[in-house]
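*Asks:* All chains should be built: construct the whole structure from the sequences, respecting the hints.
Now for the letters of each chain:
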Amino acid sequence: MADDRFAFLSIRELGRMLRVGETTPTELADYFLNRLDTVGRRLNAVVTLTRERAMDEARMAERELARGHDRGPLHGIPYGAKDLLATAGGIPTTWGATPFKDQQFDRDGAVIERLRAAGAVLVAKLSMVELAGGMGYDQPNASITGPGLNPWNTEAWSGGSSSGSGSAVGAGAVPFAIGTETWGSITTPASYCGISGLRPTYGRVSRRGAMALCWTLDKLGPMCRTADDCGLVLHAIAGHDPEDETSLALAYRYEPEQARSSGFRLGVLQMAEGETQPEVGQNYNAALDVLRAVATIEEVTLPDFPYGPVTETILRAEAASAFDTFIASGKIAELAATETHVAPLAYRYVAAKDYITALRIRRQIVRAVDAAFAQYDAIVCPTTNAVASPITTRFSEYFKTPAGRRPVIGAVGNVAGLPAISVPSGFGERGLPTAIEFVGRAGTENALLAVARAYQERTDWHLQRPTV
Amino acid sequence: MAEQQGEKNPAVEQLMAVVEAEFGERLDEAGREKVRTGIERNLSNTAALAAYVLANGDEPGTVFRAYRGE
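Chains A and B, in that order, give the protein sequences. Numbering-wise, the first sequence is residues 1 to 468 according to my numbering. Numbering-wise, the second sequence is residues 1 to 70 according to my numbering.
Simulated from the structure, these hints should not be mistaken for lab results. Think of the CB as a built atom: it goes at the ideal place given N, C-alpha and C, for glycine as much as any other residue. Any given hint could be a false lead.
What the hints assert, rightly or not - Here's a subset of chain A near chain B, in silico, CB distances under 8 Å, partners left out: (1) P309; (2) A343; (3) A351; (4) D354; (5) I356; (6) L359; (7) F395; (8) E397; (9) F399.
*Replies:* Okay, here's the thing in C-alpha cells:
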C-alpha cells in the first residue's frame, strides 16, 4: 500500500500545512515525485518526472516562505502538466506521441510561466492521448506511454485526451494538474477518474506554448480534487496574454467569499430514454435532488442547430492544417493507434466552403445558446453518459451510440467556447466514477464554481479515495 | 448521404480517386475503407451544414482584422 499521507489533500489543506510548518515545499515535491514514480507510472500517467526543476522550484518556494514572501495559495504546491505544454530547460514535450518524443522548446508555455510566478512546483509532464486525440483514435492504446489506466479500476480507461492529468490527480499522485480540452478532453477524464475538472471560457487562459490541435476550440484548464481548488488554479493561470490574440481582455478573479451559496437557478436538458447507463442516470437524479436544496431547477431546451457537424467540421479542418505535413508525409504511421495511420487523410478533404459555413453557423450558435442560458446560473447534465470503457474494448463497441461517448452538450459548450465544470456524482458499473457537469454562459466560471462548491458541501463523492 | 445497398456515392468515389492519386501507395484495403468512412463522414457533415439556412450577410465566427505594426 502506498504512503498516502499527503496524497488526497486539497490545495487549501496542503497550503495550510505549509504555512503552519507541518510540511515544507521540498518535502511535498519529493513526496509527489516518488508517488508519481510509483503509483503514477503504474497507471501510465507519467511521461517525464521533472525532478531537478521541481526541487529547484521547491527550494526557492521554501526560502521565500521562510522570509515571509508568500505568493498565494499555490505557493509550494506540486503540480503536473499535460505533455503538450512547452517546457524549457531540456525537458521534452512529446505531445504524447512517439514521433515527437525528443521534441524540446526553449521557452515555457504561458500557463507554466504563470504557475511558476504563483509559486507552484512542476513535478511532471503527464501522459496524454497522442496529439490530443485529434487523429480520431478508437481505443485507449493511443499514447507514447500506453493506455491511460483508471485509478478506480485498472482494467478501465482513464479517459482522454488529458489522461495522465485525470489519473494522476485521481490517484493522489499530484495535488492538481493542467489539462486541455478541444472537445471533452478535460471533462471526460475528470468524470472517469472521479475528480473535479474545469474547462474555462475560450480565451480565458493563454494557449501560448500549448500544442495547437484546433486554434478556435483549444482551451486549457485545471484538474483538481475539488471545485474550490479549480478556482484557485484558474485564478493563477487566467488572464490576458498579448502573445495569444484570442486571449480575453477581461481580468479574472476567483472570489468564493463574494459568491452565493444558495438561491441558484439551474436548467436541465431533457434526456431521451436510455440515453445514459442506468447508474449514471440514477446518480444524476440523486444529484439533482441534492441541488434542489440550493436551487430551483427547470427544464431547458437547446436551440436547434447541427452542433455535432459544425464542431466536427471545424475540428477536422483546423487539425488537418495544423498537422498537414505530419499527415501527408506518412509520419503519422508512427503513432501508437493503428486506426489513425491513414484515416486522417480524409480530414484533408473537408471543403473550404464547409469550414466557412460551419464558422457562419457557429456565430449564430454562440448568440442563440447565450440567450437560452441567460436566465440560468448553470445548465446541469451528466458529464458523460457512460462510465469509462474497458481498456481492451473499442469505443465504437462500448459506447453504442455517438452520444454515448460524446453527449451533445459537449459539442454545444466547446463550439460556443463556454465554461464547464465536472464534479463526481457517485459510482457506476465496475466501480467506476460518474459525474455531473455544470455549463454556463461565457465568463461565468465563478457562478459555476459556486454551484459546484455548494454541491460538494452537501456530498462526499469528491472525498472518496481509490485503492492504488 | 444514405446509400442504397451496393450503390456507390459518386462524390465519395471522386474524392477517393484524389486520395488514391496522392496517397494510393500507402493504402491497403483496410486503410482505403477507413479513409472512405472519413470522407463519407465529411459529406454527411456537408449535408447537415447545408440544411441550415444562412443569409448572405451571416458572417463567420472568426473575424479577420487588418494589421499595422508600431
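*Asks:* So, for every hint listed, does it hold in this structure?
*Replies:* Results of checking the hints against the structure:
At its closest, the beta carbon of A:P309 sits 4 Å from a beta carbon of chain B; the interface hint therefore holds under the 8 Å criterion. With its C-beta approaching chain B no nearer than about 4 Å, A:A343 sits inside the 8 Å limit, and its interface hint holds. A hinted interface residue such as A:A351 counts as satisfied when its beta carbon comes closer than 8 Å to some beta carbon of chain B; here the least separation is about 7 Å, so the hint holds. Using the Cβ-Cβ criterion of 8 Å, the hint placing A:D354 at the interface with chain B is satisfied: the shortest such distance is roughly 5 Å.
The interface hint given for A:I356 is met, as the beta carbon of that residue sits about 6 Å from the closest beta carbon of chain B, less than 8 Å. Restraint check, A:L359 versus chain B: the minimum CB separation of about 4 Å is within 8 Å; hint holds. The restraint placing A:F395 at the interface with chain B is violated, with a minimum CB-CB distance near 15 Å, outside the 8 Å limit. Nearest Cβ of chain B to the Cβ of A:E397: about 16 Å, over the 8 Å cut. The hint is violated.
Because the closest C-beta pair between A:F399 and chain B is about 16 Å apart, greater than 8 Å, the hint is violated.
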